[in-house]
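Note that the protein sequences, when read in sequence, are chains P and H. As numbered in our numbering, residues 1 to 227 make up the first sequence, in order. As numbered in our numbering, residues 228 to 705 make up the second sequence, in order.
Calculated from the structure, these hints are not laboratory results. Backbone N, C-alpha and C fix where the C-beta goes; we use that ideal spot for every residue, glycine too. Possibly wrong hints are sitting among the right ones.
Listed below are the simulated DSS-like cross-link pairs for lysine-lysine, each with C-alpha atoms no more than 27 Å apart in a straight line [as the list claims (entries may be wrong)]: (1) P:LYS131 with P:LYS101; (2) P:LYS18 with H:LYS509; (3) H:LYS609 with P:LYS203.
Here are a few chain P residues that sit away from chain H, every Cβ distance over 12 Å (derived from the structure) [said to hold, decoys possible]: (4) ASP8; (5) GLY116; (6) GLU157; (7) VAL181; (8) PRO188.
So you can see what is in the structure, the chains are spelled out below.
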Amino acid sequence: MRILLIEDDAEAAAFAAKGLREAGHVVDHALDGESGHNMAAAGGYDAYVVDRMLPKMDGLALLSRRRDEGDQTPALFLSALGEVDDRVSGLQAGGDDYLVKPYAFQELLARVEALGRRSAAPAAPVTTRYKVGDLELDLLTRTVRRAATKIDLQPREFRLLEYLIRHAGQVVTRTMLLENVWEYHFDPQTNVIDVHISRLRSKIDKDFDKPLLKTVRGAGYTLSDSD
Amino acid sequence: MLRLFRTTSFRFTLIFVLLFACAVAILGAVVYRASFGAADKQTNMIIDSEITVLADLFAANGPGMLTRVIRQRTAWRDDSIYMLIGAPSGAVLAGNLTALPPEALTAEGGFFDFEFERPMLDAAGRETGIEQRKARGKVIRFRASPEAEQSFLVVVARDVGAREFLRASLGNVFVRISVATIALGVLIGILFSRTLLSRVETVSKTARAISAGDLSRRIPQTGDGDEVDHLSANLNSMLDQIERLMTGMRDVSDNIAHDLRSPLTRIRNRLTDAMKGGPEMKEIALQATLEDSERMLATFNALLSIARIQSGEGAGVMEPIDLVAIAEEMAELYEPAAQDAGFELTLKTAPTPLIKGSRELVSQAIANFLDNALKYAGGGSKIELTVEPGAKDMVRLSVCDDGPGVAYGDRDRIFERFVRLEESRTTPGSGLGLSLVAAIARAHGAILRLEDGFAREASGGNENGLCVVMEFPAASGD
């Protein structure tokens, strides 16, 4: 992916850019809102990572302007402001995701890659069936099968698996799951997500040879067929 | 005193006093004109009718009869004044005027006012002096026929001294009333402004004390529910909020200093050591530093959230929400984790009215209660999340467990920031969870308290469990 990182804190930007490059992405970096906007206008990016508070032009204004000019490149806001209102204003300005500083790099990587996936197949026909290895999920009949066996899932487990399978092959963090499956934006102290995952895992992986739902140490989970 | 004259209330009073004085003056003028105008008219009418009688007498009987009648009439001492003068001789034929008033010469045929002298008499009828009197009269010329050379000048007048005296004293009364009105008004104005001023002075004294740093001062209220009282009440509640915010700010900075300085020092020391040590030691130091910094970030975030919720800024949108639905979601989220930790989490709900609040914050509060129950109710076996109607128009949310509970003496303290009871020192946590909950409760107008939970027989009655209760006001019908 070609990623445009607009962040005025040079050290934080270098840290993020280094990590993203190591993960195989191409990263351009702008130090202020104006040059960031100009680089974005030149085009060719798969995702923007925009700090909200920037010199010369703040992140919200920058993205609103890009959206007004018809630029649909997915964007993730980075911000020290993390309350619900701030998130809402970020999403209203055209942001696709919102990450509160300080963040773990794995969290940023997972979210940026999730954004990239979204933009990679913009015109893809609406899929109602997903498949990872021999695991199949059908959105219309709301059924899950692995090999020929039908697996019974609770509604929430189904939504959890649906989110994982939509992001198959990508790392999905606990926060992403909490935000997207449960729609909460706070971090419980208890490892509630881990327990839900292990329950799901016991249903879809336990009786089969090859585990599909894997834990990524220090980051989260991934659903994939590869080893 | 100078300040007194500058007060608004005094100025208002002064303006009202002036307006009132004007009204009195106008009233006086109207009364004056109406009554004295009528009196003058009456005098004129009496004079005119007398002249008619005299004219008829003259026409029928001639000047001799006229002289006699006038002599007769002037024999009594009353308000009537007559004078008959023969012309052109100028001889005074009859009458009680000593001299023809000079005004009469120019006023022939019309009314005129004049002054005359009259002897003053004592009770026995003796003359004691001369007094000046005022009179109003008419002078007219009688002729036997239009061609007749001889004519008579007749003056018929009434003494108006009594009326003049009344006129003067009435004017006097009005002047006195006006003066009294103004004086009384100014006095009332001064008293009124003084009272008001003294109360305003109390307000500004309090304000000065607060500016000087005594944030606990409040404006005393008289309790009579007037505007100044209302103002004081509003200012006081504003001061309460400011004090809360200030205390919050101070707490945050104290807490940051307290809770972030020690791990920072720890990190610094550890890194200093690691620089001297071998690669293995460096690895350990880095790992510990990473953990420390993550804890610090969590603490920092919690502090910020508390501060923002307390300032009323971070509460987000308050909308009607269903506590039962939120409790169901939270129970569903926590049930597996509770089971893993050896607890049975049950949800008990009864239909309740909606409350006004933020789903995110209320969920966060419940998550906190459940986190705490899982962390501290060790030895227990059940956690119950209940949503039910509470006392009048309240919705009661409670999380109860059968763990060791909290000693009565500690119950008030645990909502304070960073308070971690001795028993919990060994478990991880920032000590901010419940103060975050307390901030959320305040933002929702909810009451937060602790009650006994489920007693466990195995503990021999020493452990009462714990209930965290949050009572939300039901959303009003609008």
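Comparing the hints with the structure gives:
1. P:LYS131 with P:LYS101: violated (35 Å)
2. P:LYS18 with H:LYS509: Holds - the C-alpha atoms of H:LYS509 and P:LYS18 are around 23 Å apart, at most 27 Å.
3. H:LYS609 with P:LYS203: Holds, at about 26 Å.
4. ASP8: P:ASP8 clear of chain H: closest Cβ-Cβ about 20 Å, beyond 12 Å.
5. GLY116: Non-interface label stands for P:GLY116: nearest chain H Cβ at 27 Å, farther than 12 Å.
6. GLU157: violated (10 Å)
7. VAL181: Label violated. Min Cβ-Cβ 10 Å, cutoff 12 Å.
8. PRO188: violated (5 Å)
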